[in-house]
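Q: Kindly produce the complete structure, drawing on both the sequences and the hints.
Number of protein chains: 2
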Amino acid sequence: MEYLNYYSPEEWDALLRFSENQETPFLVVFTEKVRQKFENFRTSFPSSKIYYAVKANPGTPLLELLRDLGSNFDVASIHELDQLLELGVSPDRMSFGNTIKKVRHIREAYEKGVRLFVTDSEADVRHLAEAAPGSRVFFRLLMDAVTSDSDWPLSRKFGCQPRSLTDLVALAAELDLDPYGISFHVGSQQRDIQAWDAAIAKVSSLLTLLAEAGIPLRAINIGGGFPANYLIKNNNLAVYAEEINTYLQNYFGEEMPAIYLEPGRGLVGESGVLVSEVVLIARKAKTDRKRWVYTDTGVFNGLMETLGESIKYPIYTHCAGETGTVILAGPTCDSIDIMYEEYPYQLPISLAIGDRLYWLATGAYTASYSAIEFNGFPPLKTFYL
Amino acid sequence: MEYLNYYSPEEWDALLRFSENQETPFLVVFTEKVRQKFENFRTSFPSSKIYYAVKANPGTPLLELLRDLGSNFDVASIHELDQLLELGVSPDRMSFGNTIKKVRHIREAYEKGVRLFVTDSEADVRHLAEAAPGSRVFFRLLMDAVTSDSDWPLSRKFGCQPRSLTDLVALAAELDLDPYGISFHVGSQQRDIQAWDAAIAKVSSLLTLLAEAGIPLRAINIGGGFPANYLIKNNNLAVYAEEINTYLQNYFGEEMPAIYLEPGRGLVGESGVLVSEVVLIARKAKTDRKRWVYTDTGVFNGLMETLGESIKYPIYTHCAGETGTVILAGPTCDSIDIMYEEYPYQLPISLAIGDRLYWLATGAYTASYSAIEFNGFPPLKTFYL
Numbered sequence: 001m002e003y004l005n006y007y008s009p010e011e012w013d014a015l016l017r018f019s020e021n022q023e024t025p026f027l028v029v030f031t032e033k034v035r036q037k038f039e040n041f042r043t044s045f046p047s048s049k050i051y052y053a054v055k056a057n058p059g060t061p062l063l064e065l066l067r068d069l070g071s072n073f074d075v076a077s078i079h080e081l082d083q084l085l086e087l088g089v090s091p092d093r094m095s096f097g098n099t100i101k102k103v104r105h106i107r108e109a110y111e112k113g114v115r116l117f118v119t120d121s122e123a124d125v126r127h128l129a130e131a132a133p134g135s136r137v138f139f140r141l142l143m144d145a146v147t148s149d150s151d152w153p154l155s156r157k158f159g160c161q162p163r164s165l166t167d168l169v170a171l172a173a174e175l176d177l178d179p180y181g182i183s184f185h186v187g188s189q190q191r192d193i194q195a196w197d198a199a200i201a202k203v204s205s206l207l208t209l210l211a212e213a214g215i216p217l218r219a220i221n222i223g224g225g226f227p228a229n230y231l232i233k234n235n236n237l238a239v240y241a242e243e244i245n246t247y248l249q250n251y252f253g254e255e256m257p258a259i260y261l262e263p264g265r266g267l268v269g270e271s272g273v274l275v276s277e278v279v280l281i282a283r284k285a286k287t288d289r290k291r292w293v294y295t296d297t298g299v300f301n302g303l304m305e306t307l308g309e310s311i312k313y314p315i316y317t318h319c320a321g322e323t324g325t326v327i328l329a330g331p332t333c334d335s336i337d338i339m340y341e342e343y344p345y346q347l348p349i350s351l352a353i354g355d356r357l358y359w360l361a362t363g364a365y366t367a368s369y370s371a372i373e374f375n376g377f378p379p380l381k382t383f384y385l
Numbered sequence: 386m387e388y389l390n391y392y393s394p395e396e397w398d399a400l401l402r403f404s405e406n407q408e409t410p411f412l413v414v415f416t417e418k419v420r421q422k423f424e425n426f427r428t429s430f431p432s433s434k435i436y437y438a439v440k441a442n443p444g445t446p447l448l449e450l451l452r453d454l455g456s457n458f459d460v461a462s463i464h465e466l467d468q469l470l471e472l473g474v475s476p477d478r479m480s481f482g483n484t485i486k487k488v489r490h491i492r493e494a495y496e497k498g499v500r501l502f503v504t505d506s507e508a509d510v511r512h513l514a515e516a517a518p519g520s521r522v523f524f525r526l527l528m529d530a531v532t533s534d535s536d537w538p539l540s541r542k543f544g545c546q547p548r549s550l551t552d553l554v555a556l557a558a559e560l561d562l563d564p565y566g567i568s569f570h571v572g573s574q575q576r577d578i579q580a581w582d583a584a585i586a587k588v589s590s591l592l593t594l595l596a597e598a599g600i601p602l603r604a605i606n607i608g609g610g611f612p613a614n615y616l617i618k619n620n621n622l623a624v625y626a627e628e629i630n631t632y633l634q635n636y637f638g639e640e641m642p643a644i645y646l647e648p649g650r651g652l653v654g655e656s657g658v659l660v661s662e663v664v665l666i667a668r669k670a671k672t673d674r675k676r677w678v679y680t681d682t683g684v685f686n687g688l689m690e691t692l693g694e695s696i697k698y699p700i701y702t703h704c705a706g707e708t709g710t711v712i713l714a715g716p717t718c719d720s721i722d723i724m725y726e727e728y729p730y731q732l733p734i735s736l737a738i739g740d741r742l743y744w745l746a747t748g749a750y751t752a753s754y755s756a757i758e759f760n761g762f763p764p765l766k767t768f769y770l
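In order, the protein sequences belong to chains H and S. With my numbering applied, the first sequence corresponds to residues 1 to 385, in that order. With my numbering applied, the second sequence corresponds to residues 386 to 770, in that order.
Please keep in mind that the hints were generated in silico from the structure rather than gathered at the bench. Where hints are given, some of them may not hold.
Said to hold, decoys possible - Derived DSBU-like pairs (lysine-lysine); straight-line CA-CA distance at most 35 Å:
#	chain 1	residue 1	chain 2	residue 2
1	H	K49	S	K669
2	H	K381	S	K671
3	S	K669	H	K312
4	H	K49	S	K671
5	H	K284	S	K497
6	H	K312	S	K766
7	H	K233	H	K312
8	H	K312	S	K697
Claimed, not checked - Sample of chain H residues lacking proximity to chain S, with all beta carbon distances greater than 10 Å (derived):
#	residue
9	L81
10	L85
11	A123
12	L175
13	D192
14	Y251
Note that the structure is a prediction, hence the values are computed from the model and not measured. Cβ coordinates follow ideal geometry from the N, Cα and C atoms, glycine included.
A: So this is what it looks like as structure tokens:
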């Protein structure tokens, strides 16, 4: 059956053995896969600093593993920061990467020892100068989402335009912050590697401009965006790394700044398998060619990123034989709790109520995004193998 | 200031006094408003049975209030059913309204005393016959979502076409269930009252057909869909009731079936005020005319229904004076955590970081829809005044 090769026979064995007596739905995360991916990132980008984007999967066993492997951490909120401190991660391994933060959270982070922040607005620079004096600061450049080939594009919510960015850098220098580098994000699940080329070119010219103005920065944060393998296949990490390293070499040569990376999905996405059960199969009329397949997992208990059918997860089932088009929907009374209606997912005709569906590569942006009690359904459970 | 009249001066007083020392974001629910609305529904539909759609807001104080007022309850899952049992609601006041349910949950509901179910597929009818023998059953008719004027339309996820429906009724009768009535839902936040006219007409002809076939049904469930007042104003409940009662009279006259109602949003929506704080205000470039206003509440901690800008909440602030267009976004690193970008929301130019925003009519589909730890942010707290 298709997709079986996403996991090794041993992993499948372990998964099936573990799952047998568990009530669906639940997520199983193979921690060993995360370890391999992390080593992969480290080998592919040997002189870069890796900051794991905690929001992708804040599960304690993953954070402990990455802590022990020597990873750094990109945090989106004071809550994630506190979670890491509790796990014994020292604050000099953290970057407060969210540009939207309350001044009291900046102060709290500073008091707890964090000295690296990302910003993109005048108000936030002033907050940093006031509440985190002398800290190193990345300035986030706005990327043009419209032309990008990212499955979960970043829109205009983050970053600022070049002219504003250089103004912010000057302001930060004036306010005795340490203007450290430029950051960007090409959009999550970015399938077009050349997006990095365009971004690095922009950053390079901005760094030159700033150096000429007497404010030499020392780092680039090339963000996340590294894809996981879903239904639509991507180049693998080695190809990404080779290309991106070439871009960096082209633009900077011997004058290479420090390079920061913030993988989230690319690091943990493929480590997870969401196990669900078919609750009901129905046709709306006798003549309907498509079946509606309702499962006990849905948009609000694990599959949030299927909104707009953005992320298309591979689905494995034990059933075999001829397939037919299905519409996949979740268990709640909400009409937007439909995972796939436009994209013609194929599942075996023999699929029956009670059969299990295995949603592959669901390690990122699933369990922690569950609603607390949408329609009364509990959040998705997670187990670590 | 606009919108102040959503709540009485006493309610505003109570809200502000209570809120003063609370850290944002949080939701305040005025239980008295729910009591008034319930009485309103009871007066407007004097001979109907009211089943509160628990999913709209499963807060314990609301459920207790409605229990004491004599309401019945529409449940979406076995979890909501258990919650009601714990509050002492007897099972004969519940309807298991979700057509997507596991057979073991049907059995559990039946064993706990529930005898009223809604269905729309052959498999589910067979499950009901097996696990809830003899129960009364509503058959849900598929409504045409395309032509409707609902802000949160129901799509084709629920219901079946007329021909299938009559087949299901016959099957249920054959399997010794009690075919009780036809249900439909015109779409949540339905602003076009005539949607009920069209639906009741369809149901009426189906009931005639079934009676002629020897299976007389005795009830109609006209669903929810009653709107709350958001930014775009609706007719009030009295107008809805007068129209709908007229439709029913026209089609049934003396042969009136039992009428069931399932208000959710229409009953509790206006009872809530979500209190948030402005975290940051920014322009992406000096020349930008629109301000980005980032608040500490967003799509994933309370404002889920702003997805696609479906529900447009009125927003009150203490600031006064000239207004300008804003883009409103939440606090997470996620790019879809933007509430309003297309619709030109106006907020005072004088609005500053740290000011509070009051999101009105947020009593339905907010707190319980919060993610457990999206980007580390905790779910929305709720207080009942």
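Q: Against this structure, judge whether each hint is valid.
A: Status of each hint after checking the structure:
no.	hint	result
1	H/K49 with S/K669	28 Å, holds
2	H/K381 with S/K671	46 Å, violated
3	S/K669 with H/K312	32 Å, holds
4	H/K49 with S/K671	33 Å, holds
5	H/K284 with S/K497	30 Å, holds
6	H/K312 with S/K766	33 Å, holds
7	H/K233 with H/K312	11 Å, holds
8	H/K312 with S/K697	29 Å, holds
9	L81	8 Å, violated
10	L85	12 Å, holds
11	A123	6 Å, violated
12	L175	17 Å, holds
13	D192	17 Å, holds
14	Y251	24 Å, holds
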